[in-house]
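With the hints as constraints, model all of the structure from the sequences given.
If you read the protein sequences in the order shown, they are chains V and Y.
Using full-length UniProt numbering, read the first sequence as starting at 1 and increasing by one per residue.
Using full-length UniProt numbering, read the second sequence as starting at 1 and increasing by one per residue.
Just so you know, these hints were derived from the structure itself, not from any lab.
Be a bit skeptical, because a hint or two may be false.
The calculated DSBU-like cross-link candidates involving lysine-lysine, where the alpha carbons are at most 35 Å apart (straight line), are [what the hints assert, rightly or not]: (1) V/Lys381 with Y/Lys393; (2) Y/Lys33 with V/Lys459; (3) V/Lys158 with V/Lys65; (4) V/Lys227 with V/Lys199; (5) V/Lys43 with V/Lys364; (6) Y/Lys88 with Y/Lys164; (7) V/Lys177 with Y/Lys393; (8) V/Lys199 with Y/Lys393; (9) Y/Lys391 with V/Lys381; (10) V/Lys13 with Y/Lys319; (11) Y/Lys391 with V/Lys454; (12) Y/Lys470 with V/Lys267; (13) V/Lys282 with V/Lys65.
Pulled a few chain V residues facing chain Y out of the computed Cβ check, cut under 10 Å [to be verified]: (14) Lys28; (15) Lys65; (16) Glu85; (17) Leu88; (18) Gln100; (19) Gly190; (20) Gly313; (21) Thr378; (22) Lys380; (23) Ser433; (24) Tyr462.
Beta carbons: idealized from backbone N, C-alpha and C, even for Gly.
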Amino acid sequence: MEKSIAKLRETFKNGGTKSISWRKSQLKALLQLINQNEDSIFKALDQDLGKSPVESYRDEVGVLKKSVTYTLSCLEKWVAPKKAEVPLLFFPAKAEVMPQPLGVVLIFSSWNFPFTLALDPLIGAISAGNTVLLKPSDLAPACMSFLVETIPKYLDNKAIKVVAGGADIGERLLQLKWDKIFFTGSPRVGRLVMAAAAKHLTPVTLELGGKCPAIVDTLSTTPSKAKVTAKRIVGGKWGPCNGQACIAIDYLLVEEKLASALIELLKKTIKRFYGENIKSLKSISRIVNEHQFQRLVNLLKDPNVADSIVYGGSVDEEKLVIEPTILLDPPLDSEIMSEEIFGPLLPIITLKNIEESINFINSKSNPLVIYAFTEDETFKKRILSETSSGTVTFNDSMVQFLCDSLPFGGVGQSGFGRYHGKYSFDTFSHEKSILHRGFYPEIEPRYPPWTDFKLLFIKLAYEFDYFGLILLLLGFKRS
Amino acid sequence: MASEVEKKAVFDIDSAKEVVQELRASFVAGKTKDYEWRRTQLKAMLKMMDENEPQIVAALRDDLSKPELESSIYEIAMLKNSCKLALKKMKHWVMPEKAKTSLATFPSSAEIVSEPLGVVLVISAWNYPLLLSLDPVIGAIAAGNAIVLKPSEISPATASLLAKLVANYMDSSCIKVVEGAVPETTALLEQKWDKIMYTGNGRIGRIVMAAAAKHLTPVVLELGGKCPVIVDSGINLQVATRRIIAGKWGCNNGQACISPDYIITTKDYAVELVDSFKCELERFYGKNPLESKDLSRVVNSNHFARLLKLLDEDKVSSKIVYGGERDKSNLKIAPTILLDVPQDSLIMNEEIFGPLLPIITIDKVEDSFDLINSGTKPLAVYMFTNNKKLKEKFVEKVSAGGLVINDTTVHLAEPTLPFGGVGDSGMGAYHGKFSFDTFSHKKAVLYRSFAGDAPLRYPPYTNGKLRLLKALLGGSILGIIRALMGWSKA
Chain V
1 MEKSIAKLRE
11 TFKNGGTKSI
21 SWRKSQLKAL
31 LQLINQNEDS
41 IFKALDQDLG
51 KSPVESYRDE
61 VGVLKKSVTY
71 TLSCLEKWVA
81 PKKAEVPLLF
91 FPAKAEVMPQ
101 PLGVVLIFSS
111 WNFPFTLALD
121 PLIGAISAGN
131 TVLLKPSDLA
141 PACMSFLVET
151 IPKYLDNKAI
161 KVVAGGADIG
171 ERLLQLKWDK
181 IFFTGSPRVG
191 RLVMAAAAKH
201 LTPVTLELGG
211 KCPAIVDTLS
221 TTPSKAKVTA
231 KRIVGGKWGP
241 CNGQACIAID
251 YLLVEEKLAS
261 ALIELLKKTI
271 KRFYGENIKS
281 LKSISRIVNE
291 HQFQRLVNLL
301 KDPNVADSIV
311 YGGSVDEEKL
321 VIEPTILLDP
331 PLDSEIMSEE
341 IFGPLLPIIT
351 LKNIEESINF
361 INSKSNPLVI
371 YAFTEDETFK
381 KRILSETSSG
391 TVTFNDSMVQ
401 FLCDSLPFGG
411 VGQSGFGRYH
421 GKYSFDTFSH
431 EKSILHRGFY
441 PEIEPRYPPW
451 TDFKLLFIKL
461 AYEFDYFGLI
471 LLLLGFKRS
Chain Y
1 MASEVEKKAV
11 FDIDSAKEVV
21 QELRASFVAG
31 KTKDYEWRRT
41 QLKAMLKMMD
51 ENEPQIVAAL
61 RDDLSKPELE
71 SSIYEIAMLK
81 NSCKLALKKM
91 KHWVMPEKAK
101 TSLATFPSSA
111 EIVSEPLGVV
121 LVISAWNYPL
131 LLSLDPVIGA
141 IAAGNAIVLK
151 PSEISPATAS
161 LLAKLVANYM
171 DSSCIKVVEG
181 AVPETTALLE
191 QKWDKIMYTG
201 NGRIGRIVMA
211 AAAKHLTPVV
221 LELGGKCPVI
231 VDSGINLQVA
241 TRRIIAGKWG
251 CNNGQACISP
261 DYIITTKDYA
271 VELVDSFKCE
281 LERFYGKNPL
291 ESKDLSRVVN
301 SNHFARLLKL
311 LDEDKVSSKI
321 VYGGERDKSN
331 LKIAPTILLD
341 VPQDSLIMNE
351 EIFGPLLPII
361 TIDKVEDSFD
371 LINSGTKPLA
381 VYMFTNNKKL
391 KEKFVEKVSA
401 GGLVINDTTV
411 HLAEPTLPFG
421 GVGDSGMGAY
431 HGKFSFDTFS
441 HKKAVLYRSF
451 AGDAPLRYPP
461 YTNGKLRLLK
471 ALLGGSILGI
481 IRALMGWSKA
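Below you can see the structure in the form of structure tokens.
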């Protein structure tokens, strides 16, 4: 493994990844990889997670294609140095900021969107001109194998490598020196990654998780808006990998008096989307493995929590299936309300007044996304200014992920750093400042021996008081 | 007064916890978010500097024997400029930035909103104890945070003065100065911060980042490194030499992270260069530089001993071509130039941070790029040349925090350029708007409406929906129109 990394470093040093044409060729090759292997990708996702092709396309294949295409169309613009303004005092001078690759980067991806979370950062790293080692999650083994086998067939092996393995490989990789580490996963492992990076002063981007709440304030508007709200909630909970997504809706906040109406709407929508019961479940991913299955089942073991189930609750251990489950007001100190659920269980917390949702959300650590279904402009402004999260999405769920111009990342416990679109390019770049100066004119007061005149001169210069400077030089100002 | 109590009692983990709790309460109450509060604090800082210039100059003289001009300009004037810039531009900085939306999320609007991170810790260094303490604080205030400032104990007079002045002029419920050394810093690092900014060396930088990792706290590390100067021939040698001197001995006597550390020039040019240095150094500092009032001293006896160790190493001491005099009682070392020290000497393997300037010679100027890239990435690299092609190659090839052509250190004063390192010289950047950004969270906001809800988003998933989805994500007009009309095709 150390040899592979040495090779990556050598390739970088020799400038193998610098040229725009190399970066473009790799991105085009990646696009080809995706286009030519769509069926295999669907198959692997079905095997690892039971994802249907529509979900796989919507959340993985389609997202990646869009990301590569967008990057290809913008790359030349992003790579170009940006001019910076220079004050007259420095004349003649030219200032600019030039993005440069960081070097050899390490990307850890997660199991729930095994293609998107591996290849989207890869797109950023390549576009910025780095060499990359990609470590996909072994909890999605078919997808990991696919990446290990297929990437070398399309991309430049001297610059982009994929390594298979589990936590032990991950640990070994973390002992080495990287120029950047990009990590998607849990806060617990995020801490370990950052601590390891600290030893080498390696900058990191941590895309973590949290409990993403959805504030529901549109049930009493019109029936059609209420229906759309319900669809978007259901689509935002069970749609992305059956709730196993960092940006999936974790729990709902709604006013007491509207809770039963909400539950009814949700039930109807769930049945229409996913089937009547656990036996006829369709168009939904399964739980990734036994360990996660047990974890989720345990969340329901607490009798007070079990009592609060108002829909669903059935499980099928053999198939690793838990049906969409809704809970009404489980105890706030239960695990299901303190841990990120990452599964198909949806607690609804009722409040006397929907405005209380702000305090409720603030009592927990900063989530990756806050969803708010409301048409009250004042309430929207309050949510924006009084809560903190990576992103806020009004009146929908999940779609912010498709917006290339919005930075995607967390704050506080949900992580730091961001990507998507140009932010991906930036996150794998160093912005180098450059100042060009001429030899003339020379400003004598810059140099010792120091005198009062020189002191006054420089003071005026620093205040950009050009008029004062002229007066001083003409002898009209005294020190 | 609160700060008096903190000074008298031992500042331990519990004290640190209390401080953070108090600041967090102030932050949650919205005090620091308020726009007017931010303006008031920045104005107070300006007033603080205006009204206390002599005291500040005196403290810097105590700590570093810093010449009055350096204190007035590189510390006070620069800070005042930074404050004024923030006051002038803050109203733009706090405005949300509109973001473009694509057809994939139509109809929608998007923006990026800057919000404060919360309670931040600024740990500063001893060489520019005022500038490196308050410049980050300006950014943190402008961005709306509550702040703890931990100035360096190696410049104690300035640290005490800062503690006193900040308590007198600024809002103590939101901005506090904690004085102390390793135990106090450790106590602070145990706490949970929303951001930590550290200026100093790589060894402590690692400790800061490791402590931050426990709480997933993002960090900015402004570290150091050996900043080389490449000197080509065919230039105005006098101007180049003076600018190098100004950047080296004119900046706290070489004790600055962006001071030229060593020079690389061609074997042919070295003699001329050395002669030019001798001439200009004498012009600036006289025949007895140890007595010049225009040079800072070495900060303390530890660093003095460290520098002598670099200078007196056997294979190095014979390479001195100018200077080498020292005055232990006053902690002064004369500007010293060395020619062709061996690459494996101590002086070439650690950041000098003092008044010693080694000159390394090579055959061709271009060879310097590989030489520099073979070491760890420095905070800055300087090059003096009139050769256009060489400039282009330099800018493209050499990796460092920042580059300056035909001058040294002045990029620090350029607020439109991000100031920070890369690799071992650090991570993150600040100055100007970059300070505001570094202490902000850029929150993405997407506004959607209820119109145009495309059934193809939702299950049951069918082949028809898959086809439409492909069209939408792929940008096919016909497919998009169909999707927007909300037509389902089961």
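Consistency of the hints with the structure:
1. Proximity of V/Lys381 to Y/Lys393 is assessed by CA-CA distance (about 50 Å); at most 35 Å being required, the pair is judged violated.
2. This hinted pair checks out: Y/Lys33 and V/Lys459 have alpha carbons roughly 33 Å apart, not beyond 35 Å.
3. Using a Cα cut-off of 35 Å, the hinted pair V/Lys158 and V/Lys65 holds, with the two alpha carbons roughly 24 Å apart.
4. The suggested pairing of V/Lys227 with V/Lys199 is violated, with an alpha-carbon distance near 52 Å, which exceeds 35 Å.
5. Proximity of V/Lys43 to V/Lys364 is assessed by CA-CA distance (about 38 Å); at most 35 Å being required, the pair is judged violated.
6. Between the alpha carbons of Y/Lys88 and Y/Lys164 the distance comes to roughly 27 Å, so the proposed pair stays at or under 35 Å and holds.
7. Between V/Lys177 and Y/Lys393 the alpha-carbon distance is near 27 Å, which keeps this suggested pair within the 35 Å criterion.
8. A threshold of 35 Å between alpha carbons decides the hint, and for V/Lys199 with Y/Lys393 the separation of about 32 Å falls inside it, so the pair holds.
9. Straight-line distance between C-alpha atoms of Y/Lys391 and V/Lys381 comes to about 50 Å, which puts the hinted pair past the 35 Å bound.
10. Straight-line distance between C-alpha atoms of V/Lys13 and Y/Lys319 comes to about 33 Å, which keeps the hinted pair within the 35 Å bound.
11. Distance hint between Y/Lys391 and V/Lys454 is fulfilled; the C-alpha atoms sit about 32 Å from each other, no more than 35 Å.
12. With a C-alpha separation of about 29 Å, the suggested pair Y/Lys470 and V/Lys267 falls inside the 35 Å cut-off, and the hint holds.
13. Distance restraint check for V/Lys282 and V/Lys65: the Cα-Cα separation of roughly 26 Å lies within the 35 Å cut-off, and the hinted pair is therefore satisfied.
14. Checking V/Lys28 against chain Y: minimum C-beta separation of about 16 Å lies over 10 Å; hint violated.
15. Hint on V/Lys65 holds. Least Cβ distance to chain Y is approximately 7 Å, under the 10 Å limit.
16. The interface hint given for V/Glu85 is met, as the beta carbon of that residue sits about 5 Å from the closest beta carbon of chain Y, less than 10 Å.
17. The restraint placing V/Leu88 at the interface with chain Y is violated, with a minimum CB-CB distance near 13 Å, outside the 10 Å limit.
18. Hint status for V/Gln100: holds, given a least beta-carbon distance of 6 Å to chain Y, under 10 Å.
19. With 10 Å as the threshold, the beta carbon of V/Gly190 comes within range of chain Y, its nearest partner Cβ sitting at about 6 Å, so the hint holds.
20. A hinted interface residue such as V/Gly313 counts as satisfied when its beta carbon comes closer than 10 Å to some beta carbon of chain Y; here the least separation is about 21 Å, so the hint is violated.
21. A cut of 10 Å between beta carbons decides the hint on V/Thr378: the least distance to chain Y is about 15 Å, and the hint is violated.
22. Of the supplied interface hints, the one on V/Lys380 holds, with its beta-carbon coming within about 8 Å of a beta-carbon of chain Y, less than 10 Å.
23. Interface hint at V/Ser433: satisfied, since its Cβ lies 4 Å from the closest Cβ of chain Y, which is below the 10 Å cut-off.
24. Proximity of V/Tyr462 to chain Y holds as hinted, the smallest CB-CB distance being about 4 Å (cut-off 10 Å).
When the structure is compared with the earlier hints, violations turn up for hints 1, 4, 5, 9, 14, 17, 20, 21 and for no others.
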